[in-house]
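**Q** Spelled out from the first residue to the last, the chains are:
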Amino acid sequence: MPNSKLKQAFESKKFVVTAEAGPLKGTDITELELVAKLLKDKVDAVNVTDQQSSVMRLGSLAVSHLLVGWGIEPIYQVTCRDRNRIALQSDLLSAAVLGIQNVLSLTGDLPSSGDHPQAKPVYDLDSVSLLSVIQGLNEGKDMMGNPLVGKTDFFAGAVVNPGADTEAAYELQILKMEKKIAAGAKYFQTQAIYDPGLFEKFMKRAEQYKVPVLAGVIPLKSAGMAKFMNKNVAGVNVPQDMIDKISQAEDKTKTGLEMCSDLIKQLKPLCQGVHIMAIGWEKKVPQIIEAAGL
Amino acid sequence: MIVGERKTFEQIWDSIKDLKSVLVLGCGTCVAVCQAGGEKEVGLLAAELRMKSQLAGVTIKIGEATIERQCDREFFDAIKDKAKEYEAILSMACGAGVQYCAEVLEPMRSIPALDTRFIGVTEAQGNWAERCRACGNCVLADYGGICPMTICAKSLVNGPCGGSKNGKCEASQEKDCAWVLIYNRLKKQNRLVDLNKVLTVKDYSKQTHPGRYINEVYLKPRMEEKSAQ
Ligand code: SF4
Ligand code: SF4
Numbered sequence: 001m002p003n004s005k006l007k008q009a010f011e012s013k014k015f016v017v018t019a020e021a022g023p024l025k026g027t028d029i030t031e032l033e034l035v036a037k038l039l040k041d042k043v044d045a046v047n048v049t050d051q052q053s054s055v056m057r058l059g060s061l062a063v064s065h066l067l068v069g070w071g072i073e074p075i076y077q078v079t080c081r082d083r084n085r086i087a088l089q090s091d092l093l094s095a096a097v098l099g100i101q102n103v104l105s106l107t108g109d110l111p112s113s114g115d116h117p118q119a120k121p122v123y124d125l126d127s128v129s130l131l132s133v134i135q136g137l138n139e140g141k142d143m144m145g146n147p148l149v150g151k152t153d154f155f156a157g158a159v160v161n162p163g164a165d166t167e168a169a170y171e172l173q174i175l176k177m178e179k180k181i182a183a184g185a186k187y188f189q190t191q192a193i194y195d196p197g198l199f200e201k202f203m204k205r206a207e208q209y210k211v212p213v214l215a216g217v218i219p220l221k222s223a224g225m226a227k228f229m230n231k232n233v234a235g236v237n238v239p240q241d242m243i244d245k246i247s248q249a250e251d252k253t254k255t256g257l258e259m260c261s262d263l264i265k266q267l268k269p270l271c272q273g274v275h276i277m278a279i280g281w282e283k284k285v286p287q288i289i290e291a292a293g294l
Numbered sequence: 001m002i003v004g005e006r007k008t009f010e011q012i013w014d015s016i017k018d019l020k021s022v023l024v025l026g027c028g029t030c031v032a033v034c035q036a037g038g039e040k041e042v043g044l045l046a047a048e049l050r051m052k053s054q055l056a057g058v059t060i061k062i063g064e065a066t067i068e069r070q071c072d073r074e075f076f077d078a079i080k081d082k083a084k085e086y087e088a089i090l091s092m093a094c095g096a097g098v099q100y101c102a103e104v105l106e107p108m109r110s111i112p113a114l115d116t117r118f119i120g121v122t123e124a125q126g127n128w129a130e131r132c133r134a135c136g137n138c139v140l141a142d143y144g145g146i147c148p149m150t151i152c153a154k155s156l157v158n159g160p161c162g163g164s165k166n167g168k169c170e171a172s173q174e175k176d177c178a179w180v181l182i183y184n185r186l187k188k189q190n191r192l193v194d195l196n197k198v199l200t201v202k203d204y205s206k207q208t209h210p211g212r213y214i215n216e217v218y219l220k221p222r223m224e225e226k227s228a229q
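First to last, the sequence lines map onto chains A and B.
Take 1 as the starting number for the first sequence in the numbering used here and just add one per residue.
Take 1 as the starting number for the second sequence in the numbering used here and just add one per residue.
Be aware that a few hints might be false.
[Stated by the list, open to error] Below, computed lysine-lysine pairings styled on DSS-like, alpha-carbon distance capped at 27 Å:
1) K37(A) - K284(A)
2) K204(A) - K197(B)
3) K227(A) - K168(B)
4) K188(B) - K201(A)
5) K283(A) - K25(A)
6) K201(A) - K168(B)
7) K61(B) - K7(B)
8) K175(B) - K227(A)
Because the hints were derived from the structure by calculation, they are not lab data.
Note that the structure is predicted; figures quoted are calculated from it, not measured.
Work out the full structure: start from the sequences and follow the hints.
**A** If you want it as structure tokens, here you go:
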């Protein structure tokens, strides 16, 4: 099997661009295919979210496999919320035989935030121990040390939240980042960044690890969205001048996309790539990329 | 202590309204401390039930008793005879006590009056909070005496998730993030380096149910007794 294209992209030192495709609730993949094909050749890889926000939908394993078939490099997101270590390892083996080479390890939101709040939260493993499991599978053994007949060759990534608000939360993010690297994370993508100054500070600290970081960006659609995120999403802090700008804009879509491209231009010198989370604006991602001069 | 919360009166009434007689049985230990099922609560519930049955125009004989603990066989001796006068026990103990009632007093019915909530502490008057989920493998020494299994909504043992905001948990702004608490405690103890400890993987094999613990000290004489017979 050839190496992960995402890995190659990092190795080539190019500025890496990834996007996101959220599977829908149901079996109709028309829209998904449309979005995926629009992103093809525009981005280095596409993240496939795993029951995002704990809302039950089509699985990330199946969709990642579909992307492989369409010639798009998937990043298979795996959360620890819904499966125990037996199911997680098995799904990872399945992913390997289905041609998936990139895995992103996540803890996963609590079921209480989704559409099945009565569900049992699993969290048998966590984002760190899952990475070490992936490392083990790559070495040809399961987490009990039992040998595998045929091993995986995953390129594993993880997430970090540079906007953690208190000293404790921030230091713990750094600490967990270190643990994730030790457990086999080869790159990071971040929570949405809006303040390049804050991000620069974080990168100064993270530089020492020599692990590529993709800055997360979410295009703003309205002032309401910005305020909602500031209030509810941990680590997201949209500065007031950005809120004012979008709220005063006549054509909010145009302004939102421009602001996103501008932000990417400012972040570019600080990190190794961007991860664009378009949240419904997936079809506009090529526009953002172009305007950002990538 | 085990913290219990009394079921609503409607729920309790619904579960006993078709009986001819019921003995409201309190427990004098944990649930007495958390004011859910001790002697005082037995008196209150029995009075409420009597009033309700009168209003509903039904005759139910409602008795009251409280024993020291419903999780120890010996304490039932005090009420064994009295219990015979009733059709069922309305137990105000935790779930373990309710089950022991049914076992010790078999074949009498034992009906729970409480919902057993958790193992916890009294944080303020009338305010109890969970502290331990009896994982069978206590790791508190490594986490500044704050249980990541219980206080963290995701039971994370290798550091926080990304959802902590203002020191509060993703689950609710009412709950502290366990990891922020752990960090602050270890900092006060000058033990932040402990956080770098190697990766932990939880061992759930100790959490198979039903749990049992046998103290060897007691086991040995019992075996000797048997072999002497
Ligand atoms: S680690 Fe937590 S749940 Fe386990 S025994 Fe200790 S306090 Fe209880
Ligand atoms: S916010 Fe803190 S307490 Fe809540 S689940 Fe995340 S790490 Fe655990």
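**Q** The structure should be examined with respect to each hint, and the outcome stated for every one.
**A** Status of each hint after checking the structure:
A distance of roughly 13 Å separates the Cα atoms of K37(A) and K284(A); the hinted pair therefore holds under the 27 Å criterion. Of the pairs offered as hints, the one joining K204(A) and K197(B) holds, with about 24 Å between alpha carbons and a cut-off of 27 Å not exceeded. Our distance criterion of 27 Å between C-alpha atoms is met by K227(A) and K168(B), whose separation comes to about 19 Å. For the hint pairing K188(B) with K201(A), the CA-to-CA distance comes to about 26 Å; that is within 27 Å, so the pair holds.
With a C-alpha separation of about 19 Å, the suggested pairing of K283(A) with K25(A) holds against the 27 Å cut-off. This hinted pair checks out: K201(A) and K168(B) have alpha carbons roughly 24 Å apart, not beyond 27 Å. Simply put, K61(B) and K7(B) have alpha-carbon atoms about 21 Å apart, close enough for the 27 Å limit, and the pair holds. In summary, the hint linking K175(B) to K227(A) is supported, as the alpha carbons are separated by about 22 Å, within the 27 Å threshold.
In this structure, none of the earlier numbered hints is contradicted; all agree with it.
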